[in-house]
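**Q** Residue numbers (my numbering), protein chains in the order written: chain A, 1 to 399; chain B, 1 to 399; chain C, 1 to 399; chain D, 1 to 399.
Calculated from the structure, these hints are not laboratory results.
Don't take each hint at face value.
Note that the list lumps identical chains together, so a pair holds whenever it fits in one copy or between two copies.
Quick list of in silico lysine-lysine cross-link-like pairs, PhoX-like style, CA-CA up to 20 angstroms [to be verified]:
no., residue 1, residue 2
1, K50, K171
2, K251, K363
3, K58, K31
4, K394, K259
5, K171, K159
6, K270, K133
7, K363, K166
8, K133, K171
9, K133, K214
10, K159, K394
Protein chains: 4
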Amino acid sequence: MIEQIVKQKSTQHELDSIDTSAPFDQEGQSKRLQQLQDHSSSHYLSDNGKIDDLTILKGKIENFIGFTKVPTGIAGPLLVNGTHAQGQFSIPLATTEGALVASYSRGCKAASLSGGITSICMTESVQRSPLFKFSSIVEVGMFLAWIIEQYDQFITITKSHTSHGKLINFKTNVEGNQVNLVFEFETGDAAGQNMVTFCTAGICEYILENSPVKPTTWYIESNFSGDKKSNYQSFQSVRGKKVVAEVIIPKDIVRDVLKSDPKLMEDYWKTSTVSLVQIGSIGTQGHIANGLTALFMATGQDVACISEAQVAVNRFEVTPDGDLYASLTMPNLIVGTVGGGTGLPTQRECLELMDCYGTGKAKKFAEICCALALAGELSIAAAIASGHFVSAHKSLGRS
Amino acid sequence: MIEQIVKQKSTQHELDSIDTSAPFDQEGQSKRLQQLQDHSSSHYLSDNGKIDDLTILKGKIENFIGFTKVPTGIAGPLLVNGTHAQGQFSIPLATTEGALVASYSRGCKAASLSGGITSICMTESVQRSPLFKFSSIVEVGMFLAWIIEQYDQFITITKSHTSHGKLINFKTNVEGNQVNLVFEFETGDAAGQNMVTFCTAGICEYILENSPVKPTTWYIESNFSGDKKSNYQSFQSVRGKKVVAEVIIPKDIVRDVLKSDPKLMEDYWKTSTVSLVQIGSIGTQGHIANGLTALFMATGQDVACISEAQVAVNRFEVTPDGDLYASLTMPNLIVGTVGGGTGLPTQRECLELMDCYGTGKAKKFAEICCALALAGELSIAAAIASGHFVSAHKSLGRS
Amino acid sequence: MIEQIVKQKSTQHELDSIDTSAPFDQEGQSKRLQQLQDHSSSHYLSDNGKIDDLTILKGKIENFIGFTKVPTGIAGPLLVNGTHAQGQFSIPLATTEGALVASYSRGCKAASLSGGITSICMTESVQRSPLFKFSSIVEVGMFLAWIIEQYDQFITITKSHTSHGKLINFKTNVEGNQVNLVFEFETGDAAGQNMVTFCTAGICEYILENSPVKPTTWYIESNFSGDKKSNYQSFQSVRGKKVVAEVIIPKDIVRDVLKSDPKLMEDYWKTSTVSLVQIGSIGTQGHIANGLTALFMATGQDVACISEAQVAVNRFEVTPDGDLYASLTMPNLIVGTVGGGTGLPTQRECLELMDCYGTGKAKKFAEICCALALAGELSIAAAIASGHFVSAHKSLGRS
Amino acid sequence: MIEQIVKQKSTQHELDSIDTSAPFDQEGQSKRLQQLQDHSSSHYLSDNGKIDDLTILKGKIENFIGFTKVPTGIAGPLLVNGTHAQGQFSIPLATTEGALVASYSRGCKAASLSGGITSICMTESVQRSPLFKFSSIVEVGMFLAWIIEQYDQFITITKSHTSHGKLINFKTNVEGNQVNLVFEFETGDAAGQNMVTFCTAGICEYILENSPVKPTTWYIESNFSGDKKSNYQSFQSVRGKKVVAEVIIPKDIVRDVLKSDPKLMEDYWKTSTVSLVQIGSIGTQGHIANGLTALFMATGQDVACISEAQVAVNRFEVTPDGDLYASLTMPNLIVGTVGGGTGLPTQRECLELMDCYGTGKAKKFAEICCALALAGELSIAAAIASGHFVSAHKSLGRS
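When you get a sec, could you build the whole thing from the sequences and use the hints?
**A** Structure below.
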């Protein structure tokens, strides 16, 4: 698959462009939708089609009263060289924050003109962490001696609950007379949170029936999985997908598109990193929550997972040639292209814009997420390093 | 204002109820909208009205292509005893996650039957943190000696940039030859991120012109403000609003509504807290990102701020009478009721449902946010402590 | 080995006691040394023997000018039920802080009267983490594909460098174009920091010679190992030894020895834990650095490792019978009983007091360390929960 | 005071040097002690004088059995340009780790040849944090309204308990129905932990007697002060003293003394910092715990405070001239030059070596601590960046 990246990068790309005129009136909207029509319908997105069939809402909502309508713009195109995402992508962002789409688009342009962003989905894992409590550490010891022999059983139980998911690892953590069990699953193209819950429930039933030593209490989840919480354990391992992206922006593109300079941007990164260390941020980044939240909303992801997805590490360096090396490492990207809100009318249209709807697309989508986030990091760092952050918000962020 | 809470709590409340039948078809939708019609129109929410006037999008989006439509349900009613929020509230939640609205509603019911949630907005502050770098620590010392005398000037400059915002504090942090300045503002009823940027830019201009010692570099923001990042500094101080909420749920309501027991819930909280300590979570909570994200989406908040808003501290204890004391402390709640996406058609309708649209409503809305989040904590903790978390997701989370 | 604990616990113990009279004069000193004389000589400790043979200092110090003399007292005896430490131990503590030895001794008494502390060394691992940097993520991918096949080679290389140490695990972490390698070793009875450095250096030589893709830079250590730094990664895995200890103190011993009450102590623990969460402490504990530092100093450990060893999790709970359950989990206990300062004259005498000098004793010593730390947690929590913390320091902490 | 630094830096210094021959035999020891004899006696350090008068141990130890003897070497001389520490200092380090003294001495040499380390004690504060718990948040509100008016009373009470300490700040933190109070003191030249305890106890008595609303529970310390725990709150404020140090090492001294290159060292710092971010270290540094622990042991500090003192931020950068800028910021340096173990025989001799014994010396000593730590950072970073870390430990770290 790495060979594909190399081949892809050597191909000449004629870059598309998005019509940025009339940023928020019908005429501009129509032009842009026409440009995108080869990729996806926009029947629901364009607000022309009322959503009549509400049976699609089963399992998605209760006490339904209607639809919140969030303005959606298009960023890009962004050239991505991934193991799954290859080519140019126009990326839909649902937001109400002025300057956001424009800023990310600027980063996309700089990256695409530079040959695109390499973005690779390295590993994946979704956890569920039940806890078992015993009357003493000695009983914990006996429980551990038994449970480490049961891994094959757990795999069998998982198979009986899901055809998409797969148990790939099993870990234990002892604290006093309590044991956290960590079950790690691959979840196919779904975000997979319900899937891992049901499989883990099956495994726990087996444990309760068969363990030679009985717990005094147990919980299906002790909050040890890190679900929807910024935390160091998820940051240091993988939750959802771990994607790593990088790009080298030649110094003239830094100057002409980003209006900055590689040395200025590295200097800013160093200062930013030291500041982030001092405030006790988990990870280092500028504003990836902005672009990710907008992309998650547009595509029917579980937006609450921004809590963990925004934990990442950015890095900017001047290369020996004086160009700008930039990378972004995202270990906690929980996304799916089936299930959740992905099949709802506008959300599906948005995913289809990037050919990311349905089975076999989750890793591709994850690579696009990380590439987009890196594009956004380039743009904001350039703006702050070179002093035009304020003026951009003055011109684009006022109504 | 505390007197108002006491008075409010002593009043008998006849609790409204939301029709939960037909959770996602037109008939149920109609019934619920009718119940809510005294509070707000639902012209756009109900998807009957296409949004025709796109001029409302100025300053909110670029490269507009349409609207993402997110299913929205209603949780509650939730009885809140705040200094600003007083009475029952039906709370709109935009989500695609099954069981979310139902779970929060269950928590609302238990809390309301118990006399409601006390929720108090304690303090507020939004930061912007420019950084100035000097050639040596000795120059830093000279800069500090000058700048601590300029606070009155900074207040004057702020006044010239905004009539809504107010500079309320100014701090410095030295690291080697770098100085982070922290400007803290009250931002009225707006989330205020642009406001604090523009005021700080004005202050920095003054510093650059007048400082007796010149920086070698400076940045309008060094990422020291914590904007859109889970971090310990914001957690330990205030970012946006700090709201504290509590409720005592009598043991019979714990049993009848939450299907659990105060002792079981305290036990679960202890185990959960120790687990969260071990994974290095910032703060302790179960799933407040779920409800907050849904409420932020429905009401036009900057949803990316979930990164910081979900950092909180929950606590469950058995009272001497055997009832359940539950509290939630949220120090990083960035919300607004003017500006941002609050004035867009469906977002405004959702805010009006709670009488939270426009000036004078931000603290009220913040108190509702924290009360809702606490209701959600009650529900999930009861579900996990008593073993019905899995079955709830099986019945409500499948399409 | 767990069987041994069960057997040991069922045995009746006649507890020794330490003469606490004349806490710091020659007469008291003599009595105590006499009590301990079966266990160890005190030739050097008693300050009667000047250290004449300075060749023992080779590899321990440079620019030698003399010996710092640190007052040393004896805590205990502490009854320990471990897999390696079994029986009563009198524990030497080198400190200049009044009340420290007395406070730990009080905890030891309560625990020993209750049947002793169960303390189990669960796992062990010392890490060294070189970093390799490449020109692109694609090259990182090729490097990873190669290196995961080399584990057997690394084991072989390790064997050629040490007969005591053993490579037990190997992990990788990718960040942009950089890869941290984590080599995990068992180090026998030595703390092992030099051993793991030399073995890793050997492995790195092999990598540099044989890797199909060459790094642009590499470092023997990128600070990813966590050596001498409080950090979440070490906390969440194991650095040195992971030891878990617990004890149940009957309510009457809580009352008579600790002058407190199980419910008061659980209440204090809850409040303390919530406070520690809010200040962003890594782990939760009261003052284990106090006892550990004193024990490390007395026994020739690498005292700078307190940085990581003090990261732990304590827990206090009232049992169904109304007694006090207390546990302490220490995942980062770097200690040794050979090498480092363990063979120096007074340090060796102190280790011998506990029969912990030399080979085969490191796990035993680690279990004593954790048991002592738990005893100290009992004592301070009781003092604060019941309001006699201040008076203890007034009577013992003034000269 | 900053003027003094400027004057001091312009003065030519003839650097002393320490005889490094015969690193650990009597002859080398004698030569070095002779070099140092103008500064201090070495009667007890040299092990010639038995400590006979044990009354000095009152308030320092219980159950005394003797003295632990820790080998002590001398690092430096180190040229320091501080507001309180000015001139060359030979620094005693008590350790059993080979290579430590040599490594720190190398850093001292490079820094001193470069004109010395600027080291400035910026602020100081020692905290004690009692907690008060109420029956509801409403009562918390009433308590806060009362207590913010009592600051002058608290100052008066403090004065009645101590002539050395001073209450300089008072903060509150609300979590549910609990309030942490933070009292911040200046403690003169003592580390001050007992002093702040006794003053706070006096303040709490006043609160309990006078508060219009009575707490249900209170504790003199809820572990919110951060005492002896690595934590973000102390890191982000000040605990003990905050000292900032910097030096510019010309590139030829980097090459000749440190055997490295400014660009290599900056590159290593960047990689190290990114690694430390990923493991969740509080702060960034290489091995400052090593030097600090050795200096704390030699000088009778509370060595357990290494837990917090080792939390710091280092930074290396290539200057526009191609030299190396290096800084170290230490916000949690709890040290004293009176009280604690400072007056014990060898500890006092060690403090006197640096003219740091007694009143008026604590800030001076703190500036030396930070300067020493920075010297150590230079040495280890150079060793790792240039690949001679392993060989140094092979030649100096084996017995």
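**Q** Give a verdict on every hint.
**A** Results of checking the hints against the structure:
| no. | hint | in the structure |
| --- | --- | --- |
| 1 | K50 - K171 | neither (48 angstroms within a copy, 52 angstroms between copies) |
| 2 | K251 - K363 | neither (31 angstroms within a copy, 47 angstroms between copies) |
| 3 | K58 - K31 | between (35 angstroms within a copy, 18 angstroms between copies) |
| 4 | K394 - K259 | within (17 angstroms within a copy, 51 angstroms between copies) |
| 5 | K171 - K159 | within (19 angstroms within a copy, 28 angstroms between copies) |
| 6 | K270 - K133 | between (45 angstroms within a copy, 12 angstroms between copies) |
| 7 | K363 - K166 | within (16 angstroms within a copy, 38 angstroms between copies) |
| 8 | K133 - K171 | within (16 angstroms within a copy, 30 angstroms between copies) |
| 9 | K133 - K214 | within (9 angstroms within a copy, 37 angstroms between copies) |
| 10 | K159 - K394 | between (55 angstroms within a copy, 18 angstroms between copies) |
When the structure is compared with the earlier hints, violations turn up for hints 1 and 2 and for no others.
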